[in-house]
Amino acid sequence: MFKFAKRGKFLKFRLLDVYIILVSGAYILWRILVLLKIITLK
Amino acid sequence: MENTGTVKNHYFKITHLPTFMLLVGYPAYWTELFFINKHDGVTSLSAWVVFLLLAIFFAKNQENFLRSLFEMLRIQWRRGGLVGNGYFILSASVISFIILFVCRVSLLSPHLSQEFDALNYHITIPRQHLILGSFGHIPWSAADLFLLPVDFALAPYWLATELPNKFPQFLFLLGLLAMAVNLVKRFSSSNSLAIFIVVSAVLGSHFIGIQMGTAMLDIVIAYLFLAAIDSFLNRNILMASAEFAFFFWSKPFIPLQTVLLFGVMALIFITARIIGFANVKWCFGRVVGAAELSGYARIARKAAIPFILLSMFIAGPFMIKSFFCSGTPLFPFAPGIFGSGDTGLRDSLADSSQAHMNAKDAYGYGKSGLDFLKHFWLIAVPDRGVNNRYDYPLGLNYLIFLGPFIYLLYSALRKKEFTVLPLFSVAYWLLWWFGSQQSRFLYIPLLLMMIAVVSETRVHTKVFLAGIFLSLVVTGISILRANKNDLGLRPGEVLRPKDKRLVEMSRDYLAAGRSDTVALDYYDVAYARFPVMATAGEIGWVLKKE
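Respectively, the protein sequence lines represent chains A and B. Using the working numbering, the first residue of the first sequence is number 64, and each one after it goes up by one. Using the working numbering, the first residue of the second sequence is number 919, and each one after it goes up by one.
No wet-lab data here; the hints were simulated from the structure. Take these hints with a grain of salt, some might be off.
Unchecked claim - With a straight-line Cα cutoff of 27 Å, these simulated DSSO-like cross-link-like pairs (lysine-lysine) come out:
{"id": "1", "chain 1": "B", "residue 1": "1239", "chain 2": "B", "residue 2": "1278"}
{"id": "2", "chain 1": "B", "residue 1": "1239", "chain 2": "B", "residue 2": "956"}
{"id": "3", "chain 1": "B", "residue 1": "1292", "chain 2": "A", "residue 2": "100"}
{"id": "4", "chain 1": "B", "residue 1": "1103", "chain 2": "B", "residue 2": "1380"}
{"id": "5", "chain 1": "A", "residue 1": "100", "chain 2": "B", "residue 2": "1402"}
{"id": "6", "chain 1": "B", "residue 1": "1462", "chain 2": "B", "residue 2": "1239"}
Claimed, not checked - Label-pair ranges, simulated between beta-carbon atoms:
{"id": "7", "chain 1": "A", "residue 1": "88", "chain 2": "B", "residue 2": "1196", "range": "39 to 45 Å"}
{"id": "8", "chain 1": "A", "residue 1": "101", "chain 2": "B", "residue 2": "1180", "range": "42 to 48 Å"}
{"id": "9", "chain 1": "B", "residue 1": "1286", "chain 2": "A", "residue 2": "77", "range": "32 to 38 Å"}
{"id": "10", "chain 1": "B", "residue 1": "1415", "chain 2": "A", "residue 2": "77", "range": "54 to 60 Å"}
Claimed, not checked - Computed footprint of chain B on chain A, listed as stretches where at least three residues anywhere in the stretch have a Cβ under 8 Å from a Cβ of chain B:
{"id": "11", "stretch": "80–89"}
{"id": "12", "stretch": "94–103"}
C-beta atoms are modelled at their ideal positions from N, C-alpha and C, and glycine is treated no differently.
Turn these sequences into a full structure, and let the hints steer you where they fit.
Put into structure tokens, the structure is as follows:
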């Protein structure tokens, strides 16, 4: 349906994609660890 | 001179319909209070009727809006490939599910723990005034001295049903989506993918999701701010003034914060000019020309007069009451600063004010430099269970947008570009850091951040879209989980036990034709249809006369 973005300078090294994969992975991992009560911050 | 059709299109945009809900509701409340009051805490249907007539009128005049939306989707569908269309179908399905589900839960009466403020004072205070038939201070209530114009403007809609409803908040959620669309459309030069992403992004944001379908007012306030920007950019002075006035006076801390924020922005602008920032942009896209900029400055000056006049009606009654009772126009800030107020309540008001100031500092992990760095992550995630020290987590979407936002802002600063809304978001965030660190007070900078990033079409990669989709699904599941116990129940069945008792007490009280005040040892009495005297409760909320 839509045309996806052409890669500009920021995206040439796929920094944005790497960033999004990293934060999404870290976020999901964190939530699982909280759910399992392995992480509990006071 | 503009013809009538142009004037209609200028002022009556269907996407700004929620603003008219306030413009109709606010005078309707005062009319109900003083002229057609049955003193039973239920209003007539007049506000709803006028609002629905307006909605029909708008829809008739704006049929092109829906036609152009449909046409845009049709053209894009033809152009789209398998991946693009597949992404659209999946996302649109989740979006439709979320909107329909939220609409369903919006039809229930307020009862959730996250709706406590609504039960505590948003609904309780205007309802108690209706029952008493007076705007005079409710002697036990500290919240009665707050600025409550939005609460009063929505009360004729909430209270038109025997059990208070929260459906207006759902309409404001739709309004918020429409404002995000309007702004992205403007800043991305009508890029259809950007428009679609911003809808997914707003609905997929955990911080918005947690308030969707609730009776809280943070979505309403965020709508008002974005609507004021949209009207201002459309050069619609009256609507911008009205929307900004309702926003500005919506909570006691907002006038103080906004004045400070505008001061900080002015300082940043002057500094930027001195060090050679030549270009001004609303977001990260097009440069705003000098002539266009001075045109907007002229509009801002013209908007000052309607803003001041409207403020007299919108904020005046609340500030005067607060002034005479607590010696400050903005209780709970600085009680007694302009006089003693109600001397019998002086100590209690001081205690209440102090309790609110203490509560303000009860959020977050601290305010050191290291805490500041850590909070960018910690505010996104739960720290135990589903909540965190900032009240509740902002969620994945915030993290997805944070990186590109910082990168785009850094790029703009290096090119010496003054980006108004992104810098405003940064200034807002910094002031938030020094104030009460509650995640719900970040709605405006977060939404502006998303709008600014989405409008920059370079970021629309497949991974970015996949991240937004993931966030949409996660938020959809959270909303479902938060409301799963209410599925299949009727409005009255979801109430808290004490609210069910209040409903029964109200029935007996009204049937007996009583008019006395009932003493209760709690103060969240939105379901009481009789005058209440709260005798116990936290010192922040319940006042005691000496």
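>> Output the indices of the hints that this structure fails to meet, ascending.
In response: The structure breaks none of the hints.
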